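Undergrad: Sequence:
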Amino acid sequence: MVLQKSPERAVLWGYGPEGTQVTVHLSGPMSQESSVVNVTNGTWYATLQPVEAGGPYNVTASNENGTATLTDVLFGDVWLCGGQSNMCFETYKVFNASEELALAAKYPHVRPFMVAEKMSQTELSDLIKVQLPWSVPTATNVGRFSAVCWLFGRYMNEHLKYPIGLVQSCWGGTPIEYWSSSRALQKCGLEQNGPQASSALWNSMIHPLLNMTIKGAIWYQGESNTNYNQDKYSCSFPAMIDDWRMAFHEGSGGQTADDFPFGFVQLSTFIKGSTADGMPNIRWHQTADFGFVPNSRMQKTFMAVALDLPDESSPYHPIHPRDKQDVASRLTLGAKAVAYNETDVPFQGPFPNKITSTSMYLNVTYDQTVSVTPSAGIFEVRLPAV
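At position 5 of the sequence shown the residue is numbered 5 (my numbering), and the sequence of numbers has no breaks.
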């Protein structure tokens, strides 16, 4: 397990007989005084004092009926990984999978946790099922874990040199309405009980996590909205981000930041020569129709550009490109700049800062060095709607 490190405070919770007291104790490199909390409505909550990155620790919760102990607990940054099939895309399917899996055991301080795919029509306080409990990484469990989530966590661990906790909560083929609360849907005029089981995964796979203190979230979704409420995505996506931030902040007693960093992956291309506009429209709407992030509507966000990473020969369908390494690397750049406030990190991709034209050519000068792969007869420019 990984709990959120200082300056935030990790929140622990559990269940017990009404009105009883639970004593919570942390022991390890920086032991703390025990705290005593009451069970109210069948649940107890304990907010630990800030703990620096590191470990291992033991966490003990005890009452008059017995004791439960968590062992080998680390403190670091906890990231939530959500979305649909490209976030769920497993590590054993990526390019060079055998090499990636052989490295898994070399990162014992990157700990995966996987929420099982379950739906609910009402908001739940606990997960219906855990697919993978907090684990030390192995080739076996990482192989079945989200590639984008794992690689992002691994790269961040290499850079930050302290533990990273990864919480995978995703489900293939799901539109954003599944992951949005009724509050978020109402802000965009969307039906709460529409044909796409609105809020069903928010209820069962996000709401039970709200007490957890997290550093941030990464997201890979949008394909299922190319033909469902496509025109609303520029509202529904930012609204979901806002709502998650508010809900995690309140659920953790103010420990998770109310503007926690939120990264996402731009949809790639997957059908050469297609004239369908669903994917381009969603790409545009992913940025609230600005074309870039962060922006005034989507503050403290970052995007991994993936337009240039198609995989038309993917055996898992071209909509599921196998190159998750570049995607995770670009998310890492965004996290460095937005989540960790590092300067001089080129995380937004090249921006044009000068355009001139002649009778035969359009000359575009970018703000950073770029390499260009020419495509005969293809040139695309996306302008804001007027």
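Read the hints as simulated data drawn from the structure, not as lab findings. One or more of the hints may lead you astray.
[Said to hold, decoys possible] The list that follows gives simulated cross-link-like pairs (lysine-lysine, DSSO-like), each with its CA atoms no further than 30 Å apart:
(1) Lys336 - Lys93
(2) Lys187 - Lys232
(3) Lys300 - Lys187
Predicted, not measured: the structure shown is a model, and the values here were computed from it.
Undergrad: Each hint: holds or not?
TA: Outcome of the hint check:
Simply put, lysine 336 and lysine 93 have alpha-carbon atoms about 27 Å apart, close enough for the 30 Å limit, and the pair holds. A C-alpha spacing of about 11 Å is found between lysine 187 and lysine 232, which places the hinted pair at or below 30 Å, so the restraint holds. Between lysine 300 and lysine 187 the CA atoms are separated by roughly 20 Å; this keeps the pair inside 30 Å, and the hint holds.
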